[in-house]
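Protein chains in written order, with this note's numbering: chain D, 19 to 589; chain Y, 749 to 839; chain C, 591 to 1171.
If you're looking for bench data, these hints aren't it; they were derived computationally from the structure.
Any given hint might turn out to be false.
Capping the alpha-carbon separation at 27 Å, the derived lysine-lysine pairs in DSSO-like fashion look like this [what the hints assert, rightly or not]: (1) Y:Lys792 with C:Lys1107; (2) D:Lys71 with Y:Lys793; (3) C:Lys680 with Y:Lys819; (4) C:Lys853 with Y:Lys792; (5) C:Lys716 with C:Lys671; (6) D:Lys354 with Y:Lys824; (7) D:Lys186 with D:Lys54; (8) C:Lys1169 with C:Lys775; (9) C:Lys688 with C:Lys1109; (10) D:Lys500 with Y:Lys793.
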Amino acid sequence: MENNRITYTTDVLVVGGGLAGAVLAQKLHSLKPDVKITILEKGYFGYTGQTTKAGHGMCIMSPEAGDEIYAMCKEQVEHNPYGTYLNDQDYLLEYQKEQYTYIQELERMGGKFSHNPDGTLHHHHEFEGKKISAVQIDVDFMTPFCKNVMAGGAQILERTYFTDLLTKDGKVVGAVGFNLDTTEFIVIRAKEVVLAMNEFNPSCRDMFVAPATGYAAAYEAGAQLRNVEHLTEWDLCYRNTGNFLYGVHWVVSNSKGENIFRKYNCQSLEELEVTLIRGMAKELEMGNGPLVADFTQLPKANEGADGFFHGIEMKQRLELDEFIRGFQNIDLSNPKPEVSVSYRVSIRSLRIDVEGKTTVPHLWGIGQMTTAGSAHGSWVHGDGLGVAAKTGLMTARAIAKRIDESELGEIDEAQVEKFRRRIYEAAEYKGEFRPDHVIRYISRLIKKPEYSFNKTDATMTELIEELQDVRSKYKDLIHLPKVNGHYLAKAIELRTMIDMLEMMFMVFKTRTESRGCFSRLDYPERDDKHWLKWVLVDNKSEDGKPHIFTERIPIERYPFKPEGWQEIAMP
Amino acid sequence: MRITDLQDDPRRMNNVTVDPDLCMGCMKCIRTCCYDVYEWDPVKKLSTAAYPEECVSCYQCMYFCPAGAIKVEEAKLAFYDQLYDPLGMND
Amino acid sequence: MFQITINGNPVTTHDGATIFEAAYEDQYARTQFDTDILSLHYLKGVQEKEDSGLCIVEVPGKGIVNAVDTVVEPFMVVLTKSEEVRRRQKEILQDILKHHDRDCRNCNRTGNCELQDVQYSLRTTKNPVTEAFDAVPVRADGIIVRDDNKCIRCGRCVAACEKIQGIGAIKMEGEGLTAKIVPSKGETLIESGCVGCGQCITVCPVGALYERDDVAAVLEAVRDPEKYVVIQAAPSVRASISEAFGYPIGSGTKGKLAAALRKIGFDRVFDTVFSADLTIMEEANELVERIQNGGKLPMFTSCCPGWINYCETYYGDMIDHLSSCKSPQQMFGAMVKTFLAEKEGIPAEKIVVVSTMPCTAKKRELGRDYQNAAGVPDVDYSLTSREVARMIQMEGISFPGLDEEEFDAPLGIGSGAGTIFGATGGVMEAALRTANDWLNGEPQNALDFAEVRGVAGVKEATYKVGGLELRVAAVSGLENAKALLEKIRTGEAQYDFVEFMACPGGCVNGGGQPQQKAKVRMINDIRAERAMTLYHLDQHDSLRKSHENPEIIELYDTFLGKPGSEKAHAYLHTKYQAKGE
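Using the sequences plus the hints, can you model the full thing?
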């Protein structure tokens, strides 16, 4: 098992066989048919990942938007959830240009979108007042790209769990992992490595749950992470079932019938801002619970206020939604269902430039892994697929331009051995609990109000200490009931989860202000004077702790600036 | 951290089962689930829900199963409700 | 063009279309709306009717109608999932399942079964796979195995044999779900005139029909240290075996096929395209000789065993037209057990030659007389594409994860000409490329003889080749072959060279190929898509003429002498026998 080692050699290694990886592989193959592409996927290729579970549509610039691309960018800079004005506005502009053409390109590549009876692409205005519209996709949207990638001859290593990046002289030269079914150790040499592994979301039972392995590996390889503090999210949900309710957070009421949104002077119709969450918590504390969503307060005509899906909903998605509704314990006839919030703190923070290059040579990042790290800030709630597709295309083109000059690097066998041992050492642990017990404990812990919407320097320090305590103990705490791929993966997920969460909360402590979706109780206001900066983190420190530093945003160079920007310290 | 913190409240866990009398061995559940809930026995050609604790209630396995062999029973309580749980309102 | 609605959604269709056709015609409507209409009998181009009772829709004003039998009208309202439609369909499904062995886990069609699809669409029907069932014995009849316990009496196999192949070796006895498919004459399929083409198997929607499974015997040989086991792979296999692993239709995976076979443990992994080139050498030579020396014309190709069986059985008086060349599969075996055995010092008796073919009739070809160049059968086992796909799965090999590998020398290089053998007209085109060069005395630029390409049943052309005017035809599907043979017999049609393939579209649509469902075949022409892969491989090959193949040149230089030599005749040519009815 572990002593069996399989080595592969390839030109471009794509880690993650979801939409981003599939689109990149297909595009790269069409530009460079002789380049060997290997895809690592921990599940089975063709129907895995978030696209099939949560994808409904993708954003597109309406042709009518014309040259409103700047207006579009302005909108994103001023309102984006990743921290207002923290955009890399160069990247944003390139990303928005892609928004004009990528749907059509995907369609040529085999993607299926909703169409009007006359054959034109059907898109509808999803967001009131916004200059983008959305096209609908179906549950199996990803499948044509995956099929084309297979037909193109790519090597697809299914049931292969990526664990670490191989480096030599500061450059990435390959990766290691293991087969989830056979537990065989796998080593891959590659000229270029693309990470397409989705975000790190430590919320268990969340449909978007995803391990930290990718970030931990990139971090260990020396990659910079950016905007780590900019992804906390709340969704309104039915209490207990956790099923999301979109577009009705502004009619949440307490038992007295008071509208909470108005009572606490909330502003945003799109996102659940922290003021609303604190308000809801306060109401419950005061005994005004339970909280309900009062549908009777919604306008009669559904003009943009009742959520996303106005367009032509595709067949399987419609059927699936109806199927699922049949099993959920939701009484649709109840006009005032009890609600709560579903909270997630995750990171999408791999820093990339416009081409998708990370700060480590030969390491690239695409998709949800980079949505915050690229700092484009143009993510619309629900456009994860758009990010995946756009970045997949942009980076495929960039790799095609330089792959001919790329060379294979040498593997450091000592490093391979170190990683190999770290994968299989969990088999020796003799603790009482399973790794997933500890994972669930941590997942519950970080959702506590004092570490979430009421976090302060003191509470975050406390959490970091707790995480460090768990790390010092977990090898004695857990065992693997079976030494199989599933539990080996869980042990790795636990280790990387602790490391990345510790890093995250150290970053949270650093930014002493609140901005966008990042909020803290001890610094509730936005501070442009001191904080028009990116907080960056990498592992290049002397004491082994995360190296956290800042980079000034070149706001004077950018088209969109906050008020009073002239007072901000210039370089 | 207290050891009791590591124990799961069964009300907050999903339960997933595959009826072996109905399973047709088509592997659709296994290909669909990206949370590794299912385990495939290549000899018996049978799928089992070996890790129901990983289930996120996306229901796609149930949707695609041609035999109707899969049952996903959702947890009675949210995994962690940061509004009601701190106030003990779910005990 | 006008619109109807299906389940409330607009669908564009045309005058004269049936409701069933309309549901597939509008590509946008079919993608984004649920226009699915259940069916089990209908198969485009084979049996365009549906008697199961499943293929029903509700049309307000008309009631419940058969979608295949009803023509659309402008603004027609069609409901495919109304309560009454579903109620009836579920009843019918229950009835079918009562007569069906539901041991899906041990059926080789699980996951690719049209009955499973119907059950899935009707969703709430639960039927334990482990419920007791009064099974009847499975009927192994030569190379074709029929499992009556799985048969749903759709009649597609009967239709394929009668209508497409013009043979009618099987018939349905009785009616409804207790009917039985039996040989139409005599007790066995061979007595009934079956030629082993396997088209019946490829049209079966469930697991009722399959080829004799030789995988266990082959694996035993592979594991036997005393045996030297080699395998050769036909061109069509590389264009379609990937379909068994979820690849799009016609995905070419030559490199992964070689890698998979090597991983299974064959001692050598060779390319049948090599011997396709060899066949061209001998056959082009034979054609030229017949023309120049007043031999029997038109000459008929002889690489298709289904066709040979047909000719011997039904047109025994015309077997002199057949080329005396063995098929590529057989020539290959002959060369392995003589040339390779000699070259590498391995006794012929230790060698086991296996082939993987898109074909079921190749299993019958193995036992033919005059096919044992080294005194032992040229080829020992022939496995269909489906069997090899199963073998790869059984060995736990992940097909998409394979690296690209090459076939082994010295029987591993094949030209583009040999590659297109799998498409109807391919053998003809390959032969023309070689004959053209030979008769002109020097290499010619003409490489693409496009008139003999395509999926039409019969293709004719006249080519100026050297000083000769060659009148050629390429025919596929035995019903088409029959019509052409009659014309040749009466003199109505005059040719010099005719290519015959039993399977419509050629070997890419062979009886041993991965099965594609009716709803896929409504939209995709699998013959054309798979053939396109072969033509694509040919286009991108630097070696496109059989006689320029360096391994072939080496073979003649060091072993055979020249085409038509005594040695070539002894090893590479064969004889036929009229079987009569």
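Checked hints:
1. Y:Lys792 with C:Lys1107: 26 Å, holds
2. D:Lys71 with Y:Lys793: 26 Å, holds
3. C:Lys680 with Y:Lys819: This hinted pair holds, its Cα atoms lying about 21 Å apart.
4. C:Lys853 with Y:Lys792: 24 Å, holds
5. C:Lys716 with C:Lys671: This hinted pair holds, its Cα atoms lying about 19 Å apart.
6. D:Lys354 with Y:Lys824: With Cα atoms ~20 Å apart, D:Lys354 and Y:Lys824 stay inside 27 Å; holds.
7. D:Lys186 with D:Lys54: 22 Å, holds
8. C:Lys1169 with C:Lys775: 16 Å, holds
9. C:Lys688 with C:Lys1109: 24 Å, holds
10. D:Lys500 with Y:Lys793: 21 Å, holds
The structure fails none of the hints (numbered hints given earlier).
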